[in-house]
Amino acid sequence: MTDPVVTLEANSQPAGATAEARIDRRRLRSARTKQAIIEAYLALVLERPQIPTATRIAERAGCSVRSVFERFSDLHVLRVAVMDHAVAEATAQVMAREPQGDRRARLKTHIETRGMICEKWLPMWRALNMNRGDSRDLKSRVVMVRQVILRRIEMMYRPELSSVPELQRRRIVIAIESLIDFESWARMRQDNGLSFEEACAVWTLAIDRLLPPTPVS
Amino acid sequence: MVLTKRPTTQTSGVDGRRLRSLKTKQRIIEAYLALAGEKSPLVPTAAEIARRAGYSVRSVFERFPDIHTLQVAAVDFALTLVTPSAPPSATDRQSRIRSQVESRGRSCERWLPLWRSLIANQGESAELRQRVVALRQWDVRCLASIYAPELSTVPDGERRQLLMVLEALTDIESWARMQEFFGLSFEEACSAWMQAIDRLLPPTPARA
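If you're matching them up, the sequences are chains A and B in order. In this text, residue positions in the first sequence follow the working numbering: the first is 1, and each later residue adds one. In this text, residue positions in the second sequence follow the working numbering: the first is 218, and each later residue adds one.
None of these hints come from the bench; they were simulated from the model. Take these hints with a grain of salt, some might be off.
Calculated pairs, DMTMM-like style, for lysine to aspartate or glutamate (alpha carbon to alpha carbon, straight line, at most 20 Å) [stated by the list, open to error]:
| hint | chain 1 | residue 1 | chain 2 | residue 2 |
| --- | --- | --- | --- | --- |
| 1 | A | Lys120 | A | Glu89 |
| 2 | B | Lys256 | B | Glu397 |
| 3 | A | Lys139 | A | Glu183 |
| 4 | B | Lys256 | A | Asp134 |
| 5 | A | Lys139 | B | Glu397 |
| 6 | B | Lys256 | B | Glu326 |
| 7 | A | Lys139 | A | Asp84 |
| 8 | A | Lys34 | A | Asp24 |
| 9 | A | Lys108 | B | Glu375 |
| 10 | A | Lys139 | B | Glu390 |
| 11 | A | Lys120 | A | Glu197 |
| 12 | A | Lys108 | A | Glu160 |
If you're wondering where the values come from, they're calculated on a predicted model, not measured in any experiment.
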């Protein structure tokens with residue numbers, strides 16, 4: 001049975017407004033499907049670091065293969081969209097923890113956040129690096145991620161880094177970046193069998209030694 | 218006399234054939250290594266390998282049942298070429314750091330394309346994965362030997378942590394990033410590693 005209130009409301013709206021509302025709902029549904037496809041792709045890569053097929057993505061997203069290609073012209077375009085989504089999510093995760101407190105507190109915040117990022121995004125990072133091929137779009141995203149990591153190091157350890165000359169500072173940042181790479185985390189956890197806390201302790205020891213003394217404020 | 222001569226000729230005939238076959242095998246491995254380095258991270262095709270080695274595709278598959286077996290043989294051969302950094306434990310700290318870093322830098326320069334090809338194509342292969350782990354363990358043993366004086370001054374747990382850190386710092390991809398991402402020259406990259414290693418290592422104990 002038709003809801004008389006809805007019918008009345010619909011009838012009371014001008015024809016143009018009803019059409020606009022319908023288009024808005026369609027757009028919203030389409031945006032939701034797009035998001036579901038991106039999340040399906042991401043979930044599949046996080047489960048297994050291999051490029052998923054369009055069929056598997058569609059299955060996981062609960063839509064048809066045609067729907068996938070209606071929203072993304074090819075799998076490469078989808079890959080780039082997934083990468084952007086992942087970078088945005090990881091950046092939000094990083095920025096949620098402000099660089100506050102003394103040296104110990106900042107080391108702890110930085111390393112634990114970085115460890116959590118590595119835990120969550122390692123499979124995605126590996127899949128991206130293995131399949132970026134000659135794609136300029138994907139290479140630029142890899143560079144962007146590295147720049148975010150560098151900026152974070154510089155921000156977290158600004159008091160210590162500001163106390164040394166430029167060349168020395170650059171070398172320290174490069175060394176810390178090498179150390180906290182995704183694959184360095186993977187080797188500690190997978191090859192050396194360290195727990196999350198043990199792996200954090202290794203990075204803490206190293207970064208603490210690499211950094212110059214904290215200047216007295 | 219005739220009786221004794223005949224088997225010798227037959228044996229030398231067989232030996233000659235074996236030797237030729239071994240040489241062919243070696244040339245195929247070397248062709249694979251050269252191509253894998255050039256095309257990294259793509260795996261060269263059997264046709265490309267055969268062409269580079271100067272043999273037929275059939276010759277390749279007579280010696281290696283598939284490309285994966287050839288990959289494993291090539292990695293094993295490459296491992297024999299990786300020159301160990303001499304552990305000049307008698308020299309002072311700075312000389313040891315410089316010697317280790319420069320040797321590692323040269324090794325990274327030489328083997329980076331092949332390493333990337335190995336990592337990208339190890340897939341589910343237990344044999345290739347095993348070799349990757351063996352190479353990393355070998356690197357750690359080299360570090361432990363070169364920095365033995367400094368590492369001997371700290372407890373086992375810390376020693377283990379420091380070795381993991383040194384291995385991560387001097388990883389082949391870390392070298393690649395210094396050059397490709399940060400744009401450092403060979404000397405600048407060596408200096409960055411030397412400064413970091415010097416900060417990471419505990420003080421060198423005074424000689425007994």
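Worksheet item: Any hints this thing doesn't respect? Which numbers, in order?
Response: none
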